[in-house]
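Novice: Spelled out, the chains give:
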Amino acid sequence: MQCTFAVFRFDPAADRQSRYQHYVVSAEPADKILDCLNRIRWEQDPTLAYRASCAHGICGSDAMVINGHVALACQKLVRDFKTANNFVIEPLPVFQVLRDLIVDLRPFFEKHRAVRPYLVTAGENPEKERLQNSENQQFVEPALRCILCAACTATCPITRVNPAYLGPAALLRAFRYVCDSRDTLTLERLQALDNDDGIWGCKTMWWCTEVCPKGIPVTKCLGQIKRLLKKGDAHA
Amino acid sequence: MDRHYDAVIVGAGLAGLRAAIELAGRARVAVISKVFATRSHSGAAQGGIGAAIGNEEEDRWEWHMFDTVKGSDYLGDQDAIEVMAKDAPRTIYELEHLGVPFNRTRDGRIAQRAFGGHTRDFGKAPVKRACYAADRTGRVILDTLWEQSLRKGIDFFDEYHVLSLMINGSSCSGVVAYELATGAIVGFHSKAVLLATGGAGRIFKVTSNALASTGDGMAMAYRAGAPLEDMEFVQFHPTGIYKLGILISEAARGEGGVLRNAKGERFMEHYAPVIKDLAPRDMVSRCILEEIRAGRGIDGKDFVHLDLTHLGQDVIGHKLAEIAGFAKTYAGVDPAREPIPVHPTCHYMMGGIAANADGEVVVDAGATPLPGLFAAGECACVSVHGANRLGCNSLLDTLVFGRRTGGAIRDFIQTVKAPKPSDAFRKKAESRMAELLAIEGPEQIGAVMTELQHTMMEHVSVFRHAKGLQAALANIRELKERCARIAILDKGKCFNRNLLDSIELGQMLDLAEVITLGALYRGESRGAHWREDFPKRDDEKFLHHTMVHLSGGAPQIFSRPVAITRFEPRERTY
Chain X
1 MQCTFAVFRF DPAADRQSRY QHYVVSAEPA DKILDCLNRI RWEQDPTLAY
51 RASCAHGICG SDAMVINGHV ALACQKLVRD FKTANNFVIE PLPVFQVLRD
101 LIVDLRPFFE KHRAVRPYLV TAGENPEKER LQNSENQQFV EPALRCILCA
151 ACTATCPITR VNPAYLGPAA LLRAFRYVCD SRDTLTLERL QALDNDDGIW
201 GCKTMWWCTE VCPKGIPVTK CLGQIKRLLK KGDAHA
Chain V
1 MDRHYDAVIV GAGLAGLRAA IELAGRARVA VISKVFATRS HSGAAQGGIG
51 AAIGNEEEDR WEWHMFDTVK GSDYLGDQDA IEVMAKDAPR TIYELEHLGV
101 PFNRTRDGRI AQRAFGGHTR DFGKAPVKRA CYAADRTGRV ILDTLWEQSL
151 RKGIDFFDEY HVLSLMINGS SCSGVVAYEL ATGAIVGFHS KAVLLATGGA
201 GRIFKVTSNA LASTGDGMAM AYRAGAPLED MEFVQFHPTG IYKLGILISE
251 AARGEGGVLR NAKGERFMEH YAPVIKDLAP RDMVSRCILE EIRAGRGIDG
301 KDFVHLDLTH LGQDVIGHKL AEIAGFAKTY AGVDPAREPI PVHPTCHYMM
351 GGIAANADGE VVVDAGATPL PGLFAAGECA CVSVHGANRL GCNSLLDTLV
401 FGRRTGGAIR DFIQTVKAPK PSDAFRKKAE SRMAELLAIE GPEQIGAVMT
451 ELQHTMMEHV SVFRHAKGLQ AALANIRELK ERCARIAILD KGKCFNRNLL
501 DSIELGQMLD LAEVITLGAL YRGESRGAHW REDFPKRDDE KFLHHTMVHL
551 SGGAPQIFSR PVAITRFEPR ERTY
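Taken in sequence, the protein lines are chains X and V.
Letter by letter, the first sequence follows residues 1 to 236 of this note's numbering.
Letter by letter, the second sequence follows residues 1 to 574 of this note's numbering.
By construction, these hints were calculated from the structure, which means they are not laboratory data.
Yeah, the Cβ is synthetic: ideal placement off N, Cα and C, and Gly gets one too.
Do not rely on the hints blindly, as some may be mistaken.
[What the hints assert, rightly or not] Below, computed lysine-lysine pairings styled on BS3-like, alpha-carbon distance capped at 25 angstroms:
no., chain 1, residue 1, chain 2, residue 2
1, V, K128, X, K128
2, V, K467, V, K420
3, X, K128, V, K480
4, X, K111, V, K152
5, X, K128, V, K152
6, X, K82, V, K536
7, V, K428, V, K328
[Stated by the list, open to error] Here are a few chain V residues that face chain X, going by a calculated C-beta distance under 10 angstroms:
no., residue
8, V315
9, S422
10, A424
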């Protein structure tokens with residue numbers, strides 16, 4: 001069947017402002033939106049620029065706006081949309097557009113780095129593994145699903161009004177290390193988050209949870225950080 | 001523009017990052033990747049990483065070594081396999097210390113599960129050897145190593161596409177790379193270069209591999225004169241989602257899932273009576289296609305069922321969540337209720353750039369190293385996987401040999417002076433780019449690429465024979481000519497995908513030619529390479545590695561002996 005695509009285009013070398021270009025693509029209901037974009041690039045217009053790699057929702061490259069909703073182009077199928085096979089494809093909001101559907105994610109990754117996203121432990125490593133309760137591992141497990149696609153941070157209403165806010169993705173990563181029983185930096189981590197650009201920037205609006213392509217209960221995980229700060233006990 | 005480092009690592013998957021961590025603080029290191037580091041395809045690895053740590057039941061590294069040798073159909077180099085199997089437990093503990101969030105046993109140790117081809121006591125029964133984090137093991141290891149690399153202050157050049165190696169006379173002194181965001185061509189001068197660019201599954205129509213898996217490092221090394229080893233051994237994973245090729249981890253069978261044909265039979269019982277659905281991938285893929293050929297595909301079509309319905313919501317939810325999501329999203333199937341339609345999908349290159357167990361790229365039958373050039377991970381052939389890789393051994397390979405190669409580079413850079421930077425390589429790359437952009441021709445990238453992928457799938461996948469391989473070779477050579485007439489319509493400098501698509505396609509065509517040549521040369525059936533016109537393994541003629549290198553502009557084949565230390569080749573049954 002025929003699908004029409006209106007795709008956001010912007011080439012900084014040629015365009016003063018963005019425009020929408022229209023394409024007609026023949027697609028099956030089970031085709032991914034990414035398949036359609038690939039078909040445009042490979043068969044009709046090789047100048048269309050977007051990021052994509054694994055094509056099955058694990059690398060996190062192809063978050064974009066599809067018919068008004070932030071999603072991964074490789075995780076949404078033509079049949080998922082009740083829009084009479086008409087599609088509007090736009091780049092992620094919040095971030096600066098570099099070209100077409102490609103945005104500048106540097107600010108996103110700078111915030112990620114700001115939460116010291118690595119395990120910190122004290123003393124010598126044991127000869128074998130450190131012990132960790134299975135319950136503790138399962139407690140942080142939702143955060144391990146994060147693929148750093150930036151869908152949540154791009155959607156979050158607070159991110160839009162406060163550029164200094166860490167945003168849901170970085171805070172989710174903070175949750176992963178705050179609550180990992182093997183980490184010894186817990187108090188410092190919590191103190192660093194204890195401000196309005198940190199965890200209290202979150203106003204529990206659930207948009208992050210709603211949009212997460214990996215089904216992570218982001219808002220709940222962020223709520224755990226708030227809970228710990230209130231009661232001053234770090235480990236689950 | 002020019003930059004100077006002690007070591008340049010191309011590729012930010014597990015092999016590249018593990019080497020970078022080994023070098024951090026001791027050398028100036030740059031990691032260059034054409035995708036952002038965490039988008040590397042190591043992140044798609046699902047089921048686990050193998051190591052005889054024996055947390056669930058008795059296990060020994062000797063058993064792991066034996067399984068790997070047998071799994072390789074006796075083509076793997078046993079000295080290197082011994083290194084890997086012995087080093088595996090240390091590797092797991094190291095990952096845990098770095099922060100990898102493995103699933104745990106009831107007593108808080110790292111949990112393990114069964115995987116294809118991994119057995120206890122030299123083949124007697126399946127053993128739980130795979131350490132895992134649900135079914136996103138690769139992803140959590142990638143994130144952990146990347147985050148540790150940030151902590152250690154390694155310089156990342158994300159979204160830079162490496163165009164060529166600087167090989168002067170007989171040593172390597174850097175790479176030339178293209179910055180996607182600006183179109184700048186940058187010379188990276190260094191004492192050592194590590195190629196860790198992963199696989200090339202995109203050569204085939206149905207694949208589990210990323211769009212980025214176009215074999216760049218292999219093709220670059222090959223064009224620079226280094227030999228590629230055992231490229232005809234291409235792994236087809238038995239359980240890709242029907243038509244799409246998206247991977248459903250072997251862990252699904254490790255946790256108890258079974259394959260069924262149209263009659264509902266658990267057909268692997270007939271082919272591998274001892275370990276059944278946990279037979280190695282080459283066998284299971286062939287068995288699925290045999291069932292389909294015999295008319296026992298589901299509804300007479302070209303797929304079978306992977307049945308997980310008896311595992312229960314708890315196992316699926318906690319240990320196989322990711323693949324359950326894939327089945328729901330892409331096949332519209334809830335695996336707790338219905339079987340998943342699957343068929344083989346191109347998954348892994350056993351072959352690659354010929355390298356030794358320290359990651360040094362070697363150039364001849366006598367294994368002479370090319371100073372300054374190293375390779376690790378899927379793009380390298382050490383060779384620990386021989387003719388067929390076992391599940392869980394690829395993550396292990398990247399980490400064991402990534403670390404060893406990092407160590408070898410650390411030692412190497414202390415023995416050599418910084419090379420005298422020459423801008424000749426950058427200038428050559430610049431004029432090559434200008435030439436590419438100036439091509440005027442009628443051909444289209446999509447048409448040439450699609451034809452290549454169809455040809456490889458039809459003639460060079462699981463079942464092969466001389467006639468088909470010859471047809472494929474002729475077709476590939478014609479496509480190479482057509483590729484040279486593809487016009488680049490995008491002349492811009494900002495994220496010019498058109499230009500990169502064209503470069504990647506040229507590389508894939510070179511590799512397709514080498515794979516097909518190797519498959520034609522090897523007149524026997526071994527591991528993943530099955531010749532219908534030579535259905536037996538022939539140790540007398542072919543118990544050696546196939547080496548292909550460019551000589552006078554044309555591919556030439558020579559061979560290299562297999563290292564056999566502990567296990568003499570025997571018939572391979574399961």
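Novice: Each of the hints needs a verdict: does it hold here or not?
Specialist: The hints, checked one at a time:
1. Between the alpha carbons of K128 (chain V) and K128 (chain X) the distance comes to roughly 18 angstroms, so the proposed pair stays at or under 25 angstroms and holds.
2. Taking the CA atoms of K467 (chain V) and K420 (chain V), the gap is about 50 angstroms. The hint is violated against a cut of 25 angstroms.
3. Taking the CA atoms of K128 (chain X) and K480 (chain V), the gap is near 52 angstroms; set against the 25 angstroms cutoff, the hint is violated.
4. A threshold of 25 angstroms between alpha carbons decides the hint, and for K111 (chain X) with K152 (chain V) the separation of about 17 angstroms falls inside it, so the pair holds.
5. For the hint pairing K128 (chain X) with K152 (chain V), the CA-to-CA distance comes to about 23 angstroms; that is within 25 angstroms, so the pair holds.
6. Taking the CA atoms of K82 (chain X) and K536 (chain V), the gap is about 54 angstroms. The hint is violated against a cut of 25 angstroms.
7. Only pairs whose Cα atoms come within 25 angstroms are accepted, and K428 (chain V) paired with K328 (chain V) is rejected, the gap being roughly 49 angstroms.
8. Hint on V315 (chain V) is violated. Least Cβ distance to chain X is approximately 14 angstroms, over the 10 angstroms limit.
9. The beta carbon of S422 (chain V) comes no nearer than 31 angstroms to any beta carbon in chain X, farther than 10 angstroms, and the hint placing it at the interface is violated.
10. The beta carbon of A424 (chain V) is not positioned within 10 angstroms of any beta carbon in chain X (closest approach about 29 angstroms), and the interface hint is therefore violated.
Of the numbered hints listed earlier, those contradicted by the structure are 2, 3, 6, 7, 8, 9, 10.
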